[in-house]
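**Q** The lines below spell out each chain.
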Amino acid sequence: MSSNTPSSSAAAAAAGSVDPSAARRNSKRPKYSKFTQQELPACKPILTPGWVISTFLIISVIFIPLGVISLFASQDVVEIVDRYDTACIPPSDRANKVAYIQGAANKSCNRTLTVPKEMKQPIYVYYQLENFYQNHRRYVKSRSDSQLRSVKDENQIDACKPEDDFGGQPIVPCGLIAWSLFNDTYTLSRKNQPLAVNKKGIAWKSDKEHKFGKNVFPKNFQKGNITGGATLNPKIPLSEQEDLIVWMRTAALPTFRKLYGKIETDLHKGDTIEVNLQNNYNTYSFSGKKKLVLSTTSWLGGKNDFLGIAYLTVGGICFVLALAFTVMYLVKPRRLGDPTYLSWNRIPGGR
Amino acid sequence: MAGGTPSPGPGRRRRRLHLSKIYSYTCGKSSFKEDHSNIGGPGFSRVVYCNEPGSPAAERRNYAGNYVRSTKYTVASFFPKSLFEQFRRVANFYFLVTGVLSLTDLSPYGAVSALLPLALVISATMVKEGIEDWRRKQQDIEVNNRKVKVHDGNGIFRQEEWSNLRVGDIVRVEKDEFFPADLLLLSSSYEDSICYVETMNLDGETNLKVKQGLEATSSLLNQDSDFKDFKALVRCEDPNVNLYVFVGTLALEEERFPLSIQQILLRDSKLRNTEYVYGAVVFTGHDTKVIQNSTDPPSKRSRIERKMDKIIYLMFGLVFLMSFVGSIIFGVETREDKVKNGRTERWYLKPDDADIFFDPERAPMAAIYHFFTAVMLYSYFIPISLYVSIEIVKVLQSIFINRDIHMYYEETDKPAQARTSNLNEELGMVDTILSDKTGTLTCNSMEFIKCSIAGTAYGRGITEVERAMAVRSGGSPLVNEDLDVVVDSSAPKIKGFNFVDERVMNGNWVRQPQASVLQKFFRLLAVCHTAIPETDEETGNVSYEAESPDEAAFVVAAREFGFEFFNRTQNGISFRELDLASGEKIERVYRLLNVLEFNSTRKRMSVIVRDDDGKLLLLSKGADNVMFERLAKHGRQFEAKTQEHVNQYADAGLRTLILAYREVDENEYIEFNKNFNEAKASVSEDRETLIDEITDRMERDLILLGATAVEDKLQNGVPECIDKLAQAGIKIWVLTGDKMETAINIGFASSLLRQEMKQIIINLETPQIKSLEKSGGKDEIELASRESVVMQLQAGKALLAESGASSEAFALIIDGKSLTYALEDEIKKTFLDLATGCASVICCRSSPKQKALVTRLVKSGTGKTTLAIGDGANDVGMLQEADIGVGISGVEGMQAVMSSDIAIAQFRYLERLLLVHGHWCYSRIASMICYFFYKNITFGVTVFLYEAYTSFSGQPAYNDWFLSLFNVFFSSLPVIALGVFDQDVSARFCYKFPLLYQEGVQNILFSWKRIIGWMLNGFVSALAIFFLCKESLKHQLFDSNGKTAGREILGGTMYTCVVWVVNLQMALAISYFTWVQHIVIWGSIAFWYIFLMIYGAMTPSFSSDAYKVFLEALAPAPSYWLTTLFVMIFALIPYFVYKSVQMRFFPKYHQMIQWIRYEGHSNDPEFVEMVRQRSIRPTTVGYTARRAASVRRSARFHDQIYKDLVGI
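Just so you know, the protein sequences line up as chains A and B, in that order. If you read the first sequence in numbering that gives the first Met the number 0, its first letter stands for residue 0, the second for the next number, and so on. If you read the second sequence in numbering that gives the first Met the number 0, its first letter stands for residue 0, the second for the next number, and so on.
Pulled out of the complex, with its shape left as it was, chain A reads as follows (with noise of 0.2 Å):
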């Protein structure tokens, strides 16, 4: 009787789910695996006061020591800074400076630097401007890292305008950063004795081997009827223009340091270090700073006080708010399951 059946295939069904093999292969019974059944074993982190707190602490044990650690860094770190570019003005031509530096005046400046601490070699001279957007889009974008690489691209320069071409001449290298190459240089001595500034290896080793030409030479270059900053010469090959290079590598922020050289002798306390620099370069017109760095670097880079402070401040904060965590779970034990913080529970709804 089929009316029998319900019953009877219920039954056989139940034994099935033991031995699925059985009769009923066409079945659509979903198959059983923990993931279909979303049953997958869990770990189920919730935030008890044991987690909250050991958090907190872990965080300011790692944190405190790794801040100390960095400040010592950054204190090891000898760092001379100087700002030149009101002081090379004559006192006489700072009413109008852009005038003074677009002129055809000397521009030779004399500094005097006096060493505070020991100093190990290598020490990284860098120039830094401030005010200046080397970031600023129409900047970064005027380039052509094709042209840069080979000589049969040196066509490309579609993104360099308006520095791209000159009386029809590809410029090489073309477009703004290049044009606007820093041409300030400094030369130091140390008691009249010159103080040698390497210029080699300046530049990070994959812009040389890969981004600039080995037989690339600059073409054309600041043959504009303005020139913006630094001319190159045309017999040296970009990759070995290291200057250029740093250049190109565009600053993230419009405060930057550049690294210009290397000393390659200790400067000891109290030295005083002669600079006769060539002030060239136009930062007047926008108002930008420019400084002169020698700095030894630590192993966490140059003198930079902030993370080493950070990691002391959070590592502080943490252990505060574990603190603050213990002495509220002390105080307030949590009624458990209180429902009354539940809006819908207030009003008793529903009728």
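None of these hints come from the bench; they were simulated from the model. These numbers were taken from a predicted model, which means no experiment stands behind them. Idealized CB from N, CA, C, for every residue including glycine. Keep in mind that the hints are not guaranteed to be accurate.
[Claimed, not checked] Capping the alpha-carbon separation at 30 Å, the derived lysine-lysine pairs in DSSO-like fashion look like this: (1) A:LYS290 to B:LYS1029; (2) A:LYS160 to B:LYS1008; (3) A:LYS96 to B:LYS858; (4) B:LYS991 to B:LYS1008.
[As the list claims (entries may be wrong)] To be clear about the criterion: a stretch of chain A counts as covered by chain B if any three or more of its residues have a C-beta under 8 Å from a C-beta of chain B, and this derived list gives those stretches: (5) 88 to 96; (6) 119 to 131; (7) 301 to 307; (8) 314 to 326.
Take the given structure of chain A and dock chain B to it, following the hints.
**A** Only chain B this time, still in chain A's reference frame:
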């Protein structure tokens, strides 16, 4: 009587029946009505050359073939159409615009890196569309390649594919085959060319319908060879959607015959109980009525998605605002670059020789251009992968729903089926459930359970309702046990029969004092019906095909009592019965003379038979109110007792019918038969009234035999499920076509109603209206009715207001007639107010239309999510109207399932579907969207801040590819894993604490507060990332080699921080860590480093400023790692602190449950009970409420405790 005696036709036809005569209503004769005058005119232009589809005349008509296409796209249209669909989404369109703009000089980044993610996202969606459409295509192919026998000329029929059918073809359809197109029925295996058709696919009704061909054709065409020279011409209406009307004429040998829907066999219905039919193809393919009818189901979008659109608009607003501000600043700064006194400020930018984008002379213009650049740059605020991720997640969620073993119904072999994945999270937000009754709450399997014969009640089976009532009336536990025993003893069950009484079973009835009445009663059950028996050849068992489950239950009952109906012939009904005298089984054949069919106005059906003694009998069964008034004076012997029993049965939630008979005088019958046949043959408009009158006169002076009681069984687990849903705070309305008493009974059985509830009953059964109905005009009745309904509604509201804040519960019960008025525009507000104030709402006697209207009223009136659940074709409107339509894939056909969004096999699965899947999907999608915006804001704000430091020149902080792959690779998988796998609370706890569901109903996980909170979190993270990175790399002496950090190093560091922060944030936010989460979260972070290495190793012309940046610059520098570590911890501290405090001191409900689980109290039943008690709100529906109420009643002080618990 027409065709009363079988014509001595060919031998093979001898066995055929002229069943047409037992149907008095449906087999109306076709006639030329007004409509037929239109034929040939507009709208009635179709001409079908039967049996000559290839003739030039037919060719000229060039009707479409029978190929059916349900796919959305064709190969040619796939790309344009699906692309168009994609870009209709405003976010996608935005990305298309930015993609196109990225080809211009405006773009801050490369075109490829902008277009690639878009292409990825779009193609992922298109692949999904394509696969879905491919599946439909497969179905099409299957359907189009079905075979049917087609006349091939010369009287030979040949197998042909459906798709090759042409208009005018003659086809032969065999038993249990589907009709391949809309056919004109020419003849069938029955001599009077009737055939039975199952229209389940059309209207969901399982009962068989009768169609009858014209005599003109059926007499000509009996076998294949008859078609050799058959020619006919059909002129008829054009294709249209109306399933119940067909207008046409058949021209056959110079004669014209009218055609009606009675001769049309519709595609997708099935031939049943008929060996074969011949038909001529009239409509093919997309012209067929069923396909003309198929409309795309209304596409529904979930509330969350609609809110998400708002968030996207908000983000657009933000993007445009930021772009606007940026443009202004940029414009100002650019203007500053003007040549002044022959000098320029930022000479290195050569502003004197700039193109329009940077020209200080045209600064406003440049600012406007910059605006577009900025809009492109900030496009990272809008998660491009949001839509596609959500779609992927929802599809996976649906797979989980489909695969859930707990929602698989063994008996019918049906798993749950999420037909659309759009609404998963909506399942977690349902406020009101509108449920059908029959087939949804109940099984729609009728069980013969009791009867009253000759004033004696038989049957000791206990119904669900009775059990519920026993509990309701505070019955002692003893009674309960007693009841259980009885129920258990009925274990070996026969479908449709649950009757236990040794007094009448196994032939014992002969020893009852009123044996002859019992015999008449059982005979009536065996004879008075329209069921068709089917004998299993092997076992000899008989099963029945009946129009309704009630009727099947009767025949089965008769069989079980020993009156086995086994054959229906031309004009006889054969059954076996126990002979009182001999004690042996003998066969009896009653000649069936007339069937007076059931319909809803008559509420009764009768047969007139001549028994084997030659006596004429009228056997009748019907509803109590129509039957009692038809009894003869001498036939009322048992009236009082029977009436009493019937009332009891009705109380027990049973469907009752009164059985009565009378003997008919020969002359009276001849007179009746004459009139009846005349009436049947008449074509006048009042044919039906005429038949009604004639039958009415016949069905009088009946002698009462007794009454039957059939149980419409509640589905398994319905009361428990309703209780859980009520606990979850979901309101349940029952919309049913049943009468009020039954509905109320089911309400009690399913715990929707309970004794101390105040029932507000609204109906129009007042004496005043009744008397008006008898005398008054239509308008008066309407006026009075409306007035009455309004009055009752207002009285109800007053009652409600009176009770005020007391926890007294109300139930609203309204009938269909009153509903008509209550749903009118001016009144519906009052109705809704009253209904929402009541704990339970039951609408009885409601039509499908009313069901849909009520659903719409609730949906739009309360603004909350509604879920409609139903199983029949009459629920389709409701299912489509509701926010979510859930179809029960039960016995009443597929219509409801086809128009539903989700199909389940049993009502009780609703519990798991809503409380578990609904809650999960809701909390997943909500968290996922919040997180999406969080991560994109984090990322976008760093881009914005950096741009601010480039004097808003539109320079992005990151490499092009970093930018474009952020959404695709480094942050998308964890968020998808969150959307698919996260479980705030395990399934077990979802059941245990149903109130958790309110999180979705109140939408607290996707409130603006939470969304904005996440956005702020993103903003804070971004500030931390940008400024900390900037500060720590400030002097840019980056490593021990004295190198300085350029743009690429700051960008790389910031990006690393962003990747870490958003992924760690994810790890903090989720509460369910499986290996999947571990893989995707840590994998995404690891992949960033791997990507950086691989990308950095590619040729510099491709990797540009990312060339070797990791290996050469970042990785060797301790400051990079220290910065990353610091920033990622720092950026997460605010959230961590917030979460710690919130989790501990202001936990949300799901967090409370997490605490309970964590603290391990869940195994302590007392503790859990306490927590649950505290969190349970005073529900008014469900057996928990019932129990609570009884406790309340029994002891005063409990009330006080309860109040304490609720915390008033």
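**Q** Could you tell me which of the numbered hints above are not met by this structure, giving the numbers in increasing order?
**A** 2, 3, 5
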